[in-house]
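Trainee: Letter by letter, the chains look like this.
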Amino acid sequence: MKIGIADTTFARYDMAKAAIDELQRWMSASIQRYTVPGIKDLPVASKKLLEESECDIVMALGMPGSKPIDKQCAHEASTGLIRAQLMTNRHIIEVFVYEDEASSEKELARLADARTREHAQNVFKLLTNHLTPEAGAGKREGFADEEPVEF
Amino acid sequence: MKIGIADTTFARYDMAKAAIDELQRWMSASIQRYTVPGIKDLPVASKKLLEESECDIVMALGMPGSKPIDKQCAHEASTGLIRAQLMTNRHIIEVFVYEDEASSEKELARLADARTREHAQNVFKLLTNHLTPEAGAGKREGFADEEPVEF
Amino acid sequence: MKIGIADTTFARYDMAKAAIDELQRWMSASIQRYTVPGIKDLPVASKKLLEESECDIVMALGMPGSKPIDKQCAHEASTGLIRAQLMTNRHIIEVFVYEDEASSEKELARLADARTREHAQNVFKLLTNHLTPEAGAGKREGFADEEPVEF
Amino acid sequence: MKIGIADTTFARYDMAKAAIDELQRWMSASIQRYTVPGIKDLPVASKKLLEESECDIVMALGMPGSKPIDKQCAHEASTGLIRAQLMTNRHIIEVFVYEDEASSEKELARLADARTREHAQNVFKLLTNHLTPEAGAGKREGFADEEPVEF
Amino acid sequence: MKIGIADTTFARYDMAKAAIDELQRWMSASIQRYTVPGIKDLPVASKKLLEESECDIVMALGMPGSKPIDKQCAHEASTGLIRAQLMTNRHIIEVFVYEDEASSEKELARLADARTREHAQNVFKLLTNHLTPEAGAGKREGFADEEPVEF
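Residue numbers (our numbering), protein chains in the order written: chain L, 1 to 151; chain R, 1 to 151; chain G, 1 to 151; chain H, 1 to 151; chain C, 1 to 151.
Derived by calculation from the structure, the hints in this document are not laboratory data. Be a bit skeptical, because a hint or two may be false.
Note that identical chains are pooled: a pair holds if it fits in a single copy or bridges any two copies.
[Said to hold, decoys possible] Computed cross-link-like contacts, EDC-like style, restricted to lysine to aspartate or glutamate with a CA-CA straight-line distance of at most 16 angstroms: (1) K106 to E147; (2) K67 to E51; (3) K139 to E99; (4) K2 to E99; (5) K71 to E99; (6) K67 to D100; (7) K67 to E101; (8) K17 to E134; (9) K139 to D70; (10) K106 to D21; (11) K2 to E51; (12) K139 to D14; (13) K106 to E146; (14) K106 to E150.
Next up, chain L with everything else stripped away, as it sits in the complex (with noise of 0.2 angstroms):
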């Protein structure tokens, strides 16, 4: 198994770090790291981790800012992430984390690190087939999971 791992300079916390500590926790796989400017590069950056250096799986990692023309960018940046992978017919797990979703610094680096880390527990579960025990149970990365509904 070969894992990538895109994130950006503009990012204010090393989400990489925190995936790639999370992922060989749970698997020995090989792993590329593949950084680039801003969210929007990460798409292509994403599709040549997929099909230059043959990873099985990706995750994008970034960390949109709070402006509106930034909600803008990470709109554009996940229409391109889903149309690599339907390009490749590979996963890309984007793990993006809006600096408003937190109230304070010291949140917001909490919060990218928790999510980082369960999306890379999401990648584990995936490429092992593992997810459709937690299907529909309201899980939330980096918050705490909501509860199902029944009637």
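Following the hints, position chains R, G, H and C against chain L.
Mentor: Just chains R, G, H and C now, kept in the frame of chain L:
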């Protein structure tokens, strides 16, 4: 016939269970289930079900949250699901239930169950070419149908 | 000539019936009808009509609801219809009637009927290269035309 | 050189006439005109002009209305025009005039005429590689240019 | 190494001049410049630079105006630039400066110059694989960097 079911751990109701149960009432088909973390992972999951697992049609099941960012994610996922269909010339029936469509958790569960089941019936009717008699009839999955209009 | 008609069970008026009736007044063409649940299913339905049923052109008929999510769905459907055209180099004439374009159910039915018929005429004129004399004329399908402007 | 002109019956001014007149002042080129109902039909019309009529470049002319849905249509059309260019590696010069850019019908006609003519000149300069001397100059088609900025 | 520079006549500052000057300080590379009217022409211009002029990377330079329609155009251009990258597996570094990011014309010019130069440095670092040491560092091109966050 082989039917793919793509669902998420983010959802708060086991929509896939309802889909499989309903499909089995209407037809005898082989069913392949594939669970991913969130709705943005559904496009490539659906495409893999169509191309790698050779499904004839896919149901993509998800429950977007109620925040603006969740609406954005749903938009990106829907756009990707349409693109995946155009790349494969096969249908992916999107079944999304928005958290703010229901006024209580019980109602949310009921809606998720009902919409999934009615779309499972659509899958059967689509595969057997039985939808034209209902064309223009104001069908609404999960809620009461609208009345057709006349002049 | 073979003309495809893609329509939905979500719509509240049998637009396909109006389209077929009007097309038959203007030309003798083979017509293939294909009904899907909602407007987001129209892009792949239209592409299948063009590629698998070998239609020369398709009319994609739908009636989006009036909620914000319905506008979003229409946007996704329209984007997909344009993509499908670019993939096939053939026209798909989109005929969408928004529920909030009319002030009563009677007016909604009249609008759906009139817009569909005028676009059926566009299909005929497009296939026979008869639209240029009306270029810049302020044509509005279903409503009164606008006046051309001068300086 | 062969230049394609795609225009609409929805527009309220014969922009194609202005485009053809202006192009003929600047260059001797074969011109192919193709009229469609509305701006959402322009992407495939332009692609057909590029691929089936073998045009070297296309001008896509349209006048979106002033309602929110018209802005949405223009966005979908623009996205499709960019996609068509990427699929063909040739330019499609979009000339859109929004009804609410002008304060009177007379001004709207003048703007449509002027913007079309200035973009016809852009077509000539683009084909002959003459735009670089005007790079960063604040050019505005149809309105007075902006001043370049300095520090 | 061959670097493409795509710029516009719409911009109010000669960003390409700044890009070329800065690139030449950091590396000896062949540079190909291509000027188009506006930012929506940049995606195909960049793709032509990558495919027809065989550039290894492209900088796409533009200055969107401050009106809502300009934001829309920038969104369409950005989406196209990402699509062009996915079609070529090569980077296009987008350098957009929004007119309303600066409070004066002098500041606008300074910002356009600084952001272009810092992204030219990113091009060098990306080509030579030197961005990872700055990952998560809160880099902001044209403005002061943000502080990294910790917990």
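Trainee: When the hints from earlier in the document are held up against this structure, which numbers fail?
Mentor: 2, 4, 10
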